[in-house]
Amino acid sequence: MKCARVRRMIWSYLDGEVGKRDASELETHLSSCEACRSEYKDAKRLVQLIGRWDGVTPKLSYEALQERIREREKRRELPLFPLPRWAAAALLLLGMVLGLNMGLQEPKAANVSWDSPRQLASLIGLSQHDDLVGAALIEGLNIAVPESGRVSQ
Amino acid sequence: MFLAAKGDEDAFATLFHRYYSRAVNIAYRFWGVQEAAEDIAMEAFSKIYENRASFRGTSKFSTYLYRTLVNLCLNVAKRKSIVHEEPLVEEMTQGSEFFDPSVRAEQDDVSRQVRLAVLNLPPNQKLAIILTQYEQMSYREAAEVMKVSTKALESLLHRAKLNLRRALADFLDEDYGSSQMR
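If you read the protein sequences in the order shown, they are chains A and B.
Position 93, counted from 1, in the first sequence is what this note's numbering calls 259; the numbers after and before it change by one each time, with no gaps.
Position 110, counted from 1, in the second sequence is what this note's numbering calls 214; the numbers after and before it change by one each time, with no gaps.
Think of the hints as simulated: they come from the structure by calculation, not from any bench.
Take the hints with a grain of salt, since some may be wrong.
[Claimed, not checked] Restraint ranges, calculated between C-beta atoms of paired labels, are given here:
(1) A:Leu257 - B:Ser242: 52 to 62 angstroms
(2) A:Lys207 - B:Asn179: 32 to 42 angstroms
(3) A:Lys240 - B:Ser125: 22 to 32 angstroms
(4) B:Arg122 - A:Arg203: 36 to 46 angstroms
(5) B:Ser125 - A:Arg203: 16 to 26 angstroms
(6) B:Phe159 - A:Val263: 35 to 45 angstroms
[As the list claims (entries may be wrong)] Rough simulated footprint, nothing fancy, chain B against chain A, three-plus residues with beta-carbon under 8 angstroms:
(7) 167-181
(8) 213-223
(9) 230-242
For glycine and all other residues, C-beta sits at the position ideal for the given N, C-alpha and C.
Between the sequences and the hints, there should be enough to build the whole structure, so can you do that?
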């Protein structure tokens, strides 16, 4: 067995992953090759070092798991909306149909006409409560408004 | 597991008692903090319990459990890597949500360094080391748990051990080794 192959196999050998025949050849090589033996010792020392980190003893018990499972089941049983699934699905479908319907509707053509700034103010929504306020605004801001007019949309 | 799948609570409890400690230690060696490890192990058992009816028995229960556990470890690692730019180990030693006070009590410098070296490995290399070196799984078993080929596992192990050798070079010194390793 050549050095390169031995070095590739050292880790597997230490982990017990090498077949008997290969293991035997590797051991023979190690007994006669100082460089590979040194490599092997390093690898062995590393494996021993890795083993220096101890594990832990668990603190939680099976009761803790049961509690956790109960909590999860409780959470799953609480619906997001207090509605039966069929009702939630029906509402969703209704919403989608209405939304689609509104989206497909073309805006209606409108004929708008006015006879005074006050009426125009009312038409364009400048005043929600008193058309006088809107008219005053239009006049106050010197917005050029024809006394009367007509617009087709 | 088949009994547990049919709703036998005692059978599930037996599985828990048989594997919980190993599951905790796998997660512990991945995260380095016992509380986080127990949380991940509990989560793995909860998931298995929830899905017990769908267990088909195509693999051993232990493989099924460790695979679930490994996925949880990796998923948490991914989430953490988004939040934290610094290596987790740095945070743990400097006091963070993952800080484990018991680490302070760790007097043995060698085991502390080994712990840090293992925890600082990339996730897949770390898992390969945990499963084969600490859990004594064969390469084939570990590869099955990690869902990789045996060749890929060997490659991960090779890189992991090179990294560990670099990180622990001070302790691999011939003189140090001969005095400490006996």
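Which hints, by number, does the structure contradict?
Number 5 - this is the single hint that the structure violates.
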